[in-house]
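Can you make the complete structure from the sequences, with help from the hints?
First to last, the protein sequences are chains A and B. So for the first sequence, my numbering puts the first residue at 1; every next one is plus one. So for the second sequence, my numbering puts the first residue at 1001; every next one is plus one.
By construction, these hints were calculated from the structure, which means they are not laboratory data. For clarity, every value in this text was computed on a predicted model and none was experimentally measured. Cβ atoms here follow ideal geometry from the backbone N, Cα and C, with glycine treated the same way. Take the hints with a grain of salt, since some may be wrong.
[Said to hold, decoys possible] Chain B side only, calculated, beta carbon under 7 Å to chain A, not exhaustive:
hint, residue
1, 1066
2, 1067
3, 1163
4, 1170
5, 1171
6, 1174
7, 1175
8, 1176
9, 1178
10, 1266
11, 1269
12, 1276
13, 1279
14, 1280
[Unchecked claim] These stretches of chain A come out as covered by chain B in the derived footprint (C-beta under 8 Å, 3 or more residues):
hint, region
15, 279-290
16, 301-311
17, 322-335
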Amino acid sequence: MRHSKSELLNIAGLSLLFLGLLGAGCSSENEAASGSENEAASGTLTVLLDSEYVIVAGLKPGDGAENIQDGWAVSFDKFIATIGDIDVQRSTDDSVEAEAAEVFVVDMTQVPASGLALWTLEGLPEGRWEFNFSTPGAADGSTRHASVEKKDYDAMVAGDLTYLIDGELTKTDGQSCPPAALAAPGETKPNGNTSGDNDCYDADTIRFTFGAKAETSFGPCEIDGVPGFAIAAGEEQTVASTLHGDHLFFNGFPEGAEGGVKRLAQWLADCDLNLDGTVTEAELKKVAPAQLPEIDERYQLGGSPITPLTNMHVYVTSQLKTQGHFQGEGECPLDGMRHQH
Amino acid sequence: MKRVHALTLLPILIAGCGETGQDRTSVPLFVAGTDVAEPVVALMDVPVTIERADLAFGPFYLCAGVTAGDLCDTARLEWLDAVVVDTTVAMPTLAGELSGITGEVRSWMYDLGISSQLTRQEPFVLKAAKELGSVSFVLEGRANIDGIEVPFSASVPIQQTDDTELGVPVVRKSTSESFFRDITPTESGLVVRFDPAAWVRGMDFRPYMTREQCSALGADLVCDGAIERTCDGELELSTRDCDQRNQVCLPREGCTNRLTIAKDSEAYRSLRNALLSGARPSMEWRGVQ
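Here it is in structure tokens:
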């Protein structure tokens, strides 16, 4: 087949046109790399700290999906968390990134419903960005928020803690059934009920107080399948890092939606080994999950972020590692390696 | 002519943008156990000889993301079958082929012969689990408690239920474990190796051996080591030496051939928890072909 000169020019022109299309279709990296050329087309990101309402209002007993289903009510007096290290990357080129490295120690029970504006990133080129944050230990350069008492902050720093939690379980006909091999009831008499082979003791109010090192990185986060956030030129965008408070009472480690989860608290009541009305960190560390008849087929532990689950403090720490969310219920893979610094 | 030229160039355009660096591939999947010829020391120094530790393993998935589970919407490599693994044998055996695409994998997840589907209310029991009596794990052995050999067996199903997370494999890599591989088209295979000793070490066999006499507040049937005593309060009505009958004396049961670890026992929960959230299998990559 032979072509005339004009046809050959047409072919050459079309080829250039398609090469141009080819380049345009595959040029996202180049576009992102030139993001610095568009500094004028930038916006600001404000990051709020958001507290799930149950941290403030507690959890009520009942049959609803959001209730504690074994009759206990839960309230938190302190839910102190170390959080920060906001880390964002341009979705089209993760070499374009920005960071708000500040880490705060905040009592999440004091966070207002509108959130706390703790971090600001200015001059972000317009476009879509991925969002990451961390719950590190408190020892490395954290800042005490006004919501946290100094003695609690000092304890957080001394223990390099991520969480310090103090709360209460209440149930009118509540009882504690500690593992017989570990129980030290002293003068307290059993009430005649048993859990497995363990005697139970009346206990309508049980405090729980413990710290945990649960350093975790969260992200890239998404909400309703949409990753990160968008920056428009000259605009201020606001997103929220959310900490949930009910994962401690989950009967497993759901990866995605929490719809199939049950919330149960009897296991925690059963960890009051000396029946003094307070479950401590030391007591949690003594109890193996298998020693609690409550941890039965209703619990699915195969997705724990920490393995092996040797005791109930490791269990609690594992649950705390899953609490980071985005914009309320948005999901953030945890401890990903992609954005570690 | 222009249309002809445009169509001629279209494949170039598609090829240019369609290059993802991923190829279809398959990777031989091997399963293996760990030699447990020596007794395993369970809680409170109780030596346990493992005689059988059969595990239904599969389906098995490798995911691109660090977090498996629901967030692994599309597995990079998957094996949808299941086999019974004799976890007391260290020699790897071929289970099948992982099929999928090349690229980086950072997490894994698997079921234990009973697979939960979003489209079914009840989990699907695969042939491997059916071979074990519709359970995931069968353990048989002998525990030496205070010098008395107690033969035992346990059968443990591991499955999602309405109470948990339907549609998600039961065991998922934790973030405290490391796992990474850039899968190439020339992989020689992956060996998934289990160690039953790690699951048995946390079991407490002590409650199965008691030394009791008849007493006012005691049970009607008690064990004093291998001696079974039938009581009426403090009065001893009869005794039997279970050992002479080649049996063991178990609390509340008396002379019996074998301890069957009950579902509501601590030993059972320990085994179940160990399979789910205890020591994980090692993932051993064979060299490239």
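Evaluation of the provided hints:
no.: 1; hint: 1066; result: holds, 4 Å
no.: 2; hint: 1067; result: holds, 4 Å
no.: 3; hint: 1163; result: holds, 5 Å
no.: 4; hint: 1170; result: holds, 5 Å
no.: 5; hint: 1171; result: holds, 4 Å
no.: 6; hint: 1174; result: holds, 4 Å
no.: 7; hint: 1175; result: holds, 4 Å
no.: 8; hint: 1176; result: holds, 5 Å
no.: 9; hint: 1178; result: violated, 9 Å
no.: 10; hint: 1266; result: holds, 5 Å
no.: 11; hint: 1269; result: holds, 4 Å
no.: 12; hint: 1276; result: holds, 4 Å
no.: 13; hint: 1279; result: holds, 6 Å
no.: 14; hint: 1280; result: holds, 6 Å
no.: 15; hint: 279-290; result: holds (count 3)
no.: 16; hint: 301-311; result: holds (count 9)
no.: 17; hint: 322-335; result: holds (count 4)
In this structure, only the earlier hint numbered 9 is contradicted, and the remaining ones agree with it.
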